[in-house]
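S.K.: Modelling step: build the complete structure from the supplied sequences, incorporating the hints.
Mapped onto full-length UniProt numbering, the consecutive letters of the sequence shown carry residue numbers 1 to 202.
No wet-lab data here; the hints were simulated from the structure. Hints are supplied without guarantee of correctness; some may be wrong.
Claimed, not checked - Label pairs and their in silico Cβ distance ranges:
no. : residue 1 : residue 2 : range
1   : Gln52     : Lys129    : 22 to 32 angstroms
2   : Val166    : Cys39     : 39 to 49 angstroms
3   : Lys6      : Lys180    : 15 to 25 angstroms
4   : Ser112    : Glu43     : 25 to 35 angstroms
Model, not experiment: these values are computed from the prediction. Note that beta-carbon positions come from the ideal geometry of N, C-alpha and C, so glycine has one too.
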Amino acid sequence: MISYIKGELTEIMEDAIVVENNGIGFNIRVPATVISEFCVTGEQVKVYTYLQIREDAHSLYGFLTRDDLEIFKMLINVNGIGPKGALAILSTISPDDLRFAVLSDDVKLISSAPGIGAKTAQKLIIELKDRIKLSDAFEQALAHQESSTGMSVDFSARNEAVEALVALGYGNAEALRAVKNIENIEEKDTETILKEALKRLI
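M.R.: Below, the structure is given as structure tokens:
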């Protein structure tokens, strides 16, 4: 299995890139997020890859981070979603937003990806909900925010409010929906978030 490919970016296409390593050009299919990130050929890049082997073709799929790759693997294990559907989802929805969409039963957001209807989105939610933990979703979102901005971001109040609602008997999806809709949430403490969320739920 090829874990990642590191080399010179030699070509950028609509839905794929070519990375040259030791004189070999690897054609790697990628989501739109990778295309937007890699704007100039000739630079050195590192792409985390998944190799799909079929009787008629060997295809490489590439991602900017190991987390994106892991989400891709989860998606292609959902019945009815192949690599093409998984790329469409990750071209439209970030891994963080996808986790929260699954946990909050957000069929509308998931079905906004090209080729993904409401029934497929519902199936995806059902199959992935047990594999995604609320605490992991917040931790990954925090890590991504810090790496992209270089600034420390605090999700603890939001996380604690959701956990408090779950402890009160509300489901993860219900609690997340209530908290996600609160305006200026980053400026509020746990108690304030909890009070506003409860107003929405009662």
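S.K.: Does each hint hold? Answer for all of them.
M.R.: Hints versus structure:
no., hint, in the structure
1, Gln52 - Lys129: 22 to 32 angstroms, "holds, 25 angstroms"
2, Val166 - Cys39: 39 to 49 angstroms, "holds, 42 angstroms"
3, Lys6 - Lys180: 15 to 25 angstroms, "violated, 37 angstroms"
4, Ser112 - Glu43: 25 to 35 angstroms, "holds, 31 angstroms"
In the structure shown, a violation is registered for the earlier hint numbered 3 alone.
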